[in-house]
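*Asks:* The lines below spell out each chain.
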Amino acid sequence: KQEVTQIPAALSVPEGENLVLNCSFTDSAIYNLQWFRQDPGKGLTSLLLIQSSQREQTSGRLNASLDKSSGRSTLYIAASQPGDSATYLCAVYGNNRLAFGKGNQVVVIP
Amino acid sequence: GAVVSQHPSRVICKSGTSVKIECRSLDFQATTMFWYRQFPKQSLMLMATSNEGSKATYEQGVEKDKFLINHASLTLSTLTVTSAHPEDSSFYICSARVQGGDGYTFGSGTRLTVV
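Protein chains in written order, with my numbering: chain L, 7 to 116; chain H, 27 to 141.
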């Protein structure tokens, strides 16, 4: 069974700092990995999708890397803004199942 | 992009009544949809996989008679919580796989409160 762990569970950073969010998974036989953002009481918004053959994906201030062999992905958010405050969820897809971590809860302090 | 619309966003119901949650794919056909439940500060828990034109597949421990799923068309799946109890209060989210294998898209979620 795929286990997904996200560290740290929660963090607060001052505005302007770079954010580094970590995701690890136990079964490296994945098809892809997806990072989502969730605001309180809301659904999930897809941020980045990395196919298993890719090493990273970038979108604006966001960059996600994938090291499938070691079972890790990292989401970088450059120059954080208060609007980046949210919970970030990592999900891996493999064996016809999507497995989620518990999320990184981020607060960016103005 | 692929959008899934979920309604209602919030519902309060009395204990013993039934509540229906709808999930629609707006600009694509979804032969399969997924229903999740989320507890505070927890990850999403898959409840069932909804298949168009056939019975849903439920995860272990999920009562299929309590959580009725219907996927009558390629764009609509519904989850009905029957005889709701306070312990059913939770956040329910639906999802569909984007065609072409480009990940998953999620609805905006439904906050169910049973009083």
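Everything labelled a hint here was simulated from the structure, so no lab data went into it.
It should be emphasised that the depicted structure is a prediction, and the values quoted were computed from it without experimental measurement.
Heads up, some of the hints might be wrong.
[Claimed, not checked] Chain H is faced by these chain L residues, among others (derived, beta-carbon under 8 Å):
hint, residue
1, Ser91
2, Ala92
3, Gly109
[To be verified] In silico lysine-lysine, BS3-like type, Cα no more than 30 Å apart, as pairs:
hint, chain 1, residue 1, chain 2, residue 2
4, L, Lys108, H, Lys46
5, L, Lys108, H, Lys67
6, L, Lys108, H, Lys90
[Unchecked claim] Now the in silico label distances, taken between C-beta atoms and shown as ranges:
hint, chain 1, residue 1, chain 2, residue 2, range
7, L, Ile13, H, Asp91, 15 to 23 Å
8, H, Thr43, L, Asp73, 46 to 54 Å
9, H, Thr139, L, Ala15, 21 to 29 Å
10, L, Asn24, H, Glu78, 18 to 26 Å
11, L, Lys7, H, Asp91, 23 to 31 Å
Using N, Cα and C, we set each Cβ at its ideal position, and we do this for glycine too.
*Asks:* Keeping to a limit of 30 Å between CA atoms, is the pair of lysine 108 of chain L and lysine 46 of chain H held or broken?
*Replies:* 27 Å, holds
*Asks:* CA of lysine 108 of chain L to CA of lysine 67 of chain H, is that 30 Å or under?
*Replies:* Distance of about 7 Å is within 30 Å: holds.
*Asks:* Once the shortest beta carbon distance from glycine 109 of chain L to chain H is found, is it less than 8 Å?
*Replies:* It holds, given that the least Cβ distance between glycine 109 of chain L and chain H is near 7 Å, below 8 Å.
*Asks:* Look at the Cβ atoms of threonine 139 of chain H and alanine 15 of chain L and judge whether their distance stays inside 21 to 29 Å.
*Replies:* Holds, at about 26 Å.
*Asks:* Go ahead and decide if the range 18 to 26 Å is satisfied by the Cβ distance of asparagine 24 of chain L to glutamate 78 of chain H.
*Replies:* 44 Å, violated
*Asks:* Is the hinted pair lysine 108 of chain L and lysine 90 of chain H satisfied, with a Cα-Cα distance of at most 30 Å?
*Replies:* Holds. Lysine 108 of chain L to lysine 90 of chain H sits at ~25 Å (cutoff 30 Å).
*Asks:* State, for the Cβ atoms of isoleucine 13 of chain L and aspartate 91 of chain H, whether the hinted interval 15 to 23 Å holds or is violated.
*Replies:* Taking Cβ atoms as reference, isoleucine 13 of chain L and aspartate 91 of chain H lie about 39 Å apart, which means the hint is violated.
*Asks:* Holds or violated: the hint that serine 91 of chain L contacts chain H, with Cβ atoms closer than 8 Å.
*Replies:* 16 Å, violated
*Asks:* Does the Cβ pair lysine 7 of chain L, aspartate 91 of chain H satisfy 23 to 31 Å?
*Replies:* 26 Å, holds
*Asks:* Looking only at beta-carbon atoms, does the pair threonine 43 of chain H, aspartate 73 of chain L fall within the given range of 46 to 54 Å?
*Replies:* Since the Cβ atoms of threonine 43 of chain H and aspartate 73 of chain L sit about 49 Å apart, the hinted range of 46 to 54 Å holds.
*Asks:* Answer holds if the nearest beta-carbon of chain H is closer than 8 Å to that of alanine 92 of chain L; otherwise answer violated.
*Replies:* With a closest approach of 14 Å, the alanine 92 of chain L hint is violated.
Of the numbered hints given earlier, the model fails hints 1, 2, 7, 10; all others are met.
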